[in-house]
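Novice: Note that the protein sequences, when read in sequence, are chains H and B.
So the first sequence is numbered by our numbering: it starts at 15 and just counts up by one.
So the second sequence is numbered by our numbering: it starts at 130 and just counts up by one.
Quick caveat, the hints were computed from the structure, so don't treat them as lab data.
Among the hints, a few may not be true.
[Unchecked claim] Just some of the chain B residues that point at chain H, by a computed CB distance under 7 Å:
hint : residue
1    : R135
2    : V164
3    : D167
4    : Y250
5    : S295
6    : F296
7    : A409
[Stated by the list, open to error] Okay, derived cross-link-like pairs now, SDA-like style, lysine to any residue, Cα gap no bigger than 20 Å in a straight line:
hint : chain 1 : residue 1 : chain 2 : residue 2
8    : B       : K176      : H       : M41
9    : H       : K42       : B       : F169
10   : H       : K32       : B       : L406
11   : B       : K176      : H       : E40
12   : H       : K32       : B       : W424
Where a beta carbon is used, it is the ideal one built from N, C-alpha and C, also for glycine.
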Amino acid sequence: MFSLLRSIWTVFVHMFHKRETILYPEMKPYIPPRWRGRIILSRDPYGGERCVACYLCAVACPVDCISLQATEDEHGRRYPQFFRINFSRCIFCGFCEEACPTYAIQLTQDFEMGEYNRQNLVYEKEDLLISGTGKYPGYNFYKVAGLSIAGKDKGEGEDEEPPVDVRTLMP
Amino acid sequence: MNEVIRSLVVVFGVLIAAMSVAAGLIWLERRLLGVWQDRFGPNRVGKFGLLQVLADMIKIFAKEDWIPPFADKPVFVIAPAIIVVTVLMTFAIIPFTRDIEVVNLNIGLLFFLAMSSMGVYSVALAGWASNNKYSLLGGLRAAAQMLSYEIFMGLSLMGIVMLTGSFDLRDIVKAQRGLWFCIPQFFGMIIFLIAGIAETRRLPFDLPEAESELVAGFHSEYSGMKFGMFFVGEYLGITLISALMVTLFFGGWLGPVLPPIVWFILKTLFFICLFILLRASLPRPRYDQLMSYGWKVMLPLALLNLLVTGGILLEINS
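Chain H extracted, bound-state conformation (with noise of 0.2 Å):
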């Protein structure tokens, strides 16, 4: 009987307690910097696109959201011709940016992306693409892993850095 009163009481207080619920639209909920969220392609420091459409996102995608097709540029550089990732089957499990080889695709803090129309939740490469690094600002990937290309050896492009001899980094 008297336990009774007491988990009554209790309850009763909690009246004057800070309430857990956050306000959603008017108060922003904390999240976390390595949320999960909206998916975008970032670019290198000097403004390139940094996917070189290798397809292991794709691969790695558990539900097929994204479709690209590859290409090639004037320098025999591939860069993705279309990206697409389709939103309502994404299940936000960030393998896709755990695959990426050049640290293009991201997954962001965003989660606002409500639509009423279905098909808007398909989003195309100029939707994606973002204009900064995202989370890796110094990184570029041709400057860490030049490839030989057509008219360019490795190391010989501009903003490529010639490999390093591994006998020259002895302590």
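Using the hints provided, position chain B relative to the given structure of chain H.
Specialist: Here is chain B on its own, set in the frame of chain H:
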């Protein structure tokens, strides 16, 4: 002529007030439960979420009103109406103030007990007519629970009848001028409160619907406004038991400074909130615990209360 208009105004006023209070309780209950669980409850629709009631009503009226093909149709349709009718009938005898009362029955208290017994038919028939095992179990539980709690509900009120010598609720309120009956009839009040919760099938005693065991008990098969009727009936029941608590044990409209009707409303609101607080805090007992609690604890206590009250009255009068 004036008399007729006046009584018509009172009748419809009480009807509309009771129905709108029952509807408003949907909002109040959700809001208070939220407050006691560190949430906000519905606060989006309208000011403080008050229009939630309207939204809920539109929703429940727009729902498909489906009668299962295996149900006993006439009984299935009548059952939800019975509970609302019986509770609304009882509102007729409550004296809201000295002058506002639908009928002045000299057997008011007996009328209330009779009507609350009639309410059992609603749930028992609903459980039976649904032709579903969960509904039937719920109906059985409801019948057993309400019958056994009815007994000492009546007995707990007899102390008051002894003290006032009347079944008339207005006389009972008038007899509380000096001292509210919650003090001389303290055990009677506790027993009536517990029996009242059991009669309205509210949470510590919601065995008939017990959604974690019986889907929704006796109203598993109901949808649309028929389900809504059970809902309204439950909220009307809460209001009724609160109003009766106030009338019988807490001096009805009596109180200083404020006008009588305000006192009545304030006191009733307090008990409604108490009902909701009990729902927020207490777990549901097992069914055998419920029955043995009723028969082995509450019934002897009610009889003892009656005996002691009778003895003291005899002592004073002789």
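Novice: Now look at each hint and say whether the structure bears it out.
Specialist: A quick look at each hint next to the structure:
Among the interface hints, the one on R135(B) is violated; its C-beta lies about 42 Å from the nearest C-beta in chain H, farther than the 7 Å criterion. The closest approach between the C-beta of V164(B) and any C-beta of chain H is roughly 5 Å, which is under the 7 Å cut-off, so the hint is satisfied. Checking D167(B) against chain H by beta carbon gives a least distance of about 5 Å; that is within 7 Å, so the hint holds. At about 31 Å, the closest approach between the beta carbon of Y250(B) and any beta carbon in chain H exceeds 7 Å, and the interface hint on this residue is violated.
Interface hint status for S295(B): violated, as the beta-carbon distance to the closest one in chain H is roughly 33 Å, over 7 Å. The closest approach between the C-beta of F296(B) and any C-beta of chain H is roughly 32 Å, which is over the 7 Å cut-off, so the hint fails. Interface hint at A409(B): satisfied, since its Cβ lies 5 Å from the closest Cβ of chain H, which is below the 7 Å cut-off. Between the alpha carbons of K176(B) and M41(H) the distance comes to roughly 18 Å, so the proposed pair stays at or under 20 Å and holds.
Restraint check: the Cα-Cα separation between K42(H) and F169(B) comes to about 16 Å, which is no more than 20 Å; the hinted pair holds. For a cut-off of 20 Å, the pair hint linking K32(H) to L406(B) stands: about 18 Å separates their Cα positions. Proximity of K176(B) to E40(H) is assessed by CA-CA distance (about 16 Å); at most 20 Å being required, the pair is judged to hold. About 42 Å separates the Cα atoms of K32(H) and W424(B), which puts this hinted pair outside 20 Å; it is violated.
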